[in-house]
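Protein chains: 2
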Amino acid sequence: MIVQKYKEMLGAKSVIRTLSEAATVRAGQIGRQNVFDYSLGNPSVPVPSCFKEAVISLLEEEDPMTVHGYSPTLGIPSVKEAIARSLNERFGMNYGPEHIFPTSAAAAAIAHALRAVSVPGDEVLTFAPYFPEYQPYVDLTGAVLKVVPADTTSFQINFEAFEQMIHEKTAAVLVNTPNNPSGAVYTEETLRRLADVLLKKQAEYGHDIFLISDEPYREIVFDGKKQPYVSKFYANTISCYSFSKALSLPGDRIGYLAVNPACPDAATIVNMCGQISRGIGHNCPATLMQLAVSRVLDQTADFSIYEKNRNLLYDCLTDIGFDVVKPAGTFYIFPKALEEDAIAFCQKALAYDLVLVPADTFGCPGYFRMAYCVDTEKVERSLPVLVKFAKEVYGR
Amino acid sequence: MIVQKYKEMLGAKSVIRTLSEAATVRAGQIGRQNVFDYSLGNPSVPVPSCFKEAVISLLEEEDPMTVHGYSPTLGIPSVKEAIARSLNERFGMNYGPEHIFPTSAAAAAIAHALRAVSVPGDEVLTFAPYFPEYQPYVDLTGAVLKVVPADTTSFQINFEAFEQMIHEKTAAVLVNTPNNPSGAVYTEETLRRLADVLLKKQAEYGHDIFLISDEPYREIVFDGKKQPYVSKFYANTISCYSFSKALSLPGDRIGYLAVNPACPDAATIVNMCGQISRGIGHNCPATLMQLAVSRVLDQTADFSIYEKNRNLLYDCLTDIGFDVVKPAGTFYIFPKALEEDAIAFCQKALAYDLVLVPADTFGCPGYFRMAYCVDTEKVERSLPVLVKFAKEVYGR
Chain A
-6 MIVQKYKEML GAKSVIRTLS EAATVRAGQI GRQNVFDYSL GNPSVPVPSC FKEAVISLLE
54 EEDPMTVHGY SPTLGIPSVK EAIARSLNER FGMNYGPEHI FPTSAAAAAI AHALRAVSVP
114 GDEVLTFAPY FPEYQPYVDL TGAVLKVVPA DTTSFQINFE AFEQMIHEKT AAVLVNTPNN
174 PSGAVYTEET LRRLADVLLK KQAEYGHDIF LISDEPYREI VFDGKKQPYV SKFYANTISC
234 YSFSKALSLP GDRIGYLAVN PACPDAATIV NMCGQISRGI GHNCPATLMQ LAVSRVLDQT
294 ADFSIYEKNR NLLYDCLTDI GFDVVKPAGT FYIFPKALEE DAIAFCQKAL AYDLVLVPAD
354 TFGCPGYFRM AYCVDTEKVE RSLPVLVKFA KEVYGR
Chain B
-6 MIVQKYKEML GAKSVIRTLS EAATVRAGQI GRQNVFDYSL GNPSVPVPSC FKEAVISLLE
54 EEDPMTVHGY SPTLGIPSVK EAIARSLNER FGMNYGPEHI FPTSAAAAAI AHALRAVSVP
114 GDEVLTFAPY FPEYQPYVDL TGAVLKVVPA DTTSFQINFE AFEQMIHEKT AAVLVNTPNN
174 PSGAVYTEET LRRLADVLLK KQAEYGHDIF LISDEPYREI VFDGKKQPYV SKFYANTISC
234 YSFSKALSLP GDRIGYLAVN PACPDAATIV NMCGQISRGI GHNCPATLMQ LAVSRVLDQT
294 ADFSIYEKNR NLLYDCLTDI GFDVVKPAGT FYIFPKALEE DAIAFCQKAL AYDLVLVPAD
354 TFGCPGYFRM AYCVDTEKVE RSLPVLVKFA KEVYGR
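Protein sequences appear in the order of chains A and B. Taking my numbering, the leading residue of the first sequence gets -6, the next gets one more, and so forth. Taking my numbering, the leading residue of the second sequence gets -6, the next gets one more, and so forth.
Isolated chain A, as found in the complex (with noise of 0.2 Å):
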């Protein structure tokens, strides 16, 4: 028989999708460039060359047994060994190829990370606002994903509900920063305090609590500013990467999972990853994918563009006189909208061709997410349209 749990997955649609389709019912009707679509979060800066030249690299000059054969299962050793040197290099850590494996990009090494250290009724924390995909990552797992409430003063971490919500069924608690959808990168002092609490709840319960820290805007920050590296401070870290936006190629699925080399069980938990890929079908990612990304370890796409984007968009924002934090990196932007009903107010702007995320699904009601990952040009031409829908819809 079908089973029904994943049948009844089914019928509910996400609003992102569904506000993508009428973005693109109405681009057929009056042209794409005219559609200022700010629903997905597809990179749209250029592949940096280097990628293409390595893939390309491999496929002329090494051995076709070698770049289209079997991957070891937990991944390639001069891959773990070039991706923990970068590391090491970059964050000041001290990986060994042992603490690394490879993924297909950030979802696959959450998957693998929530069942190393989660059982079914477990309780995964989250801080809102969070990426909605978290909630079937964490239901599948048969654990139980819990949201702490947001701190819309800042969107860093609310900890006074954080205190209040952890407790003895907490197995791993799940972060995002740089933060998709507030654009937030959480500073030393949250990661500090973070840290404080998840050692002191360790010791009151007598169990492990792992801190799985999704990055996969992790170079993604403005301003020249840098995000502090999550497993630096706390021993217990599972880092989850994607290459996927530092290099504009989210459809090649790669990335890796990387755990803190003062974890007690740091490379039994990689080696467990192997044995759950068995279960998962995963059986890491591709060979050619693998070789091509340690060859450009400490390349990115050009972010000056998303840079551009933010302050264009955040300025004309707070012109408005919209309640905006302003982002540190990513490519999102996350402002309160102009009437308690965010749903409302995000169907108010596709009248005008705006198409803009309500953040209900974040966790985070009344707030709306724009996805500044399109042409600077584009922006540009937008802002007056969302002045005059501001002013018309709301007399701002």
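Hints may contain errors.
Since the list gives no way to pick out one identical chain from another, each pair is judged satisfied if it fits inside one copy or across any two copies.
As the list claims (entries may be wrong) - In silico lysine-lysine, DSSO-like type, Cα no more than 30 Å apart, as pairs:
| hint | residue 1 | residue 2 |
| --- | --- | --- |
| 1 | Lys319 | Lys225 |
| 2 | Lys225 | Lys0 |
| 3 | Lys329 | Lys193 |
| 4 | Lys(-2) | Lys162 |
| 5 | Lys193 | Lys(-2) |
| 6 | Lys(-2) | Lys139 |
| 7 | Lys341 | Lys301 |
| 8 | Lys219 | Lys381 |
| 9 | Lys225 | Lys139 |
| 10 | Lys225 | Lys(-2) |
| 11 | Lys381 | Lys341 |
| 12 | Lys193 | Lys0 |
| 13 | Lys319 | Lys218 |
| 14 | Lys381 | Lys0 |
| 15 | Lys194 | Lys(-2) |
| 16 | Lys139 | Lys301 |
| 17 | Lys194 | Lys0 |
| 18 | Lys329 | Lys194 |
Think of the hints as simulated: they come from the structure by calculation, not from any bench.
Starting from the known structure of chain A, arrange chain B on it as the hints suggest.
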């Protein structure tokens, strides 16, 4: 806390892996060319050049935003359509794109199929000899794998045992033809009889019993013959395909799942796979790989080398007096050992630098597997060694 279930899996080392490591150590002593390593099922014939050309042309000529962009959750429509068309033309099926779900090779296809049609506590039946990875594939879904003993006269299906073992809790039957490790190709007669049993039992129990067909060797059939297409015989069939063997690219992790359109839930199952993916972090195989294989769907590597190796080994083994069924496909041969304990037999062969795999973990004690995806020149050099081994140790 780290999860004991996966930690406990770490202790058990696979027999194949242990043997392969012994072969590597020996290769270090006497040179790899002098070790007759028949342990690993890695394709040894070259990737057809059309695949490399497809990848490079995609990178050089297509829009990078498409080539490196996200695949839709259910796979790229044009790729699904091309796969459906190719299957329809070759096997007289009636697939539409809605029946096809691209996966990271057959392992991921099986992982999705098992989750779509079985729940914890259900039983999944397979037939010995079987690919040992079926054990963790099924175990980690919470279902229970039951192994029907082999029909050692032909390595078709032992129907008597099958009819005794199938029962109310059987959710799925997992078959693999052409078969790893026996090399058997299920005949039309076998597949028809299998369908008859399944139809009868479905009616008797009042619920679906799905046939999950693992088909990575589908094109590797000798003597000008073809594998009858499994799904043609039974509506509730989920075919799990991989390009790993057909195109000699196991490291590229690309394949698909195809649900027979005559299955009433066919399109629903594919949609459910999209939901299952969210939980297991799969999110479609790389866009580049989907697009590349869609351009070479009807190509294969040159399998004449496998057929030549099969002939050399089969003739030699029968000359020596081995009890062996002639493989009709794959790159495996599966003789009966010359003593009851195949593990002891393979251990003794190691002294002759012959790396053979005892079939205990394939559910068929007393037999051994030789993977002849090796150079023909090496196969030829191994024949007198096989003769010498059989003569000196067993007086043959």
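Those earlier numbered hints the structure runs against, lowest number first: Of the numbered hints given earlier, those the structure breaks are 3, 8, 14, 16, 18, listed in rising order.
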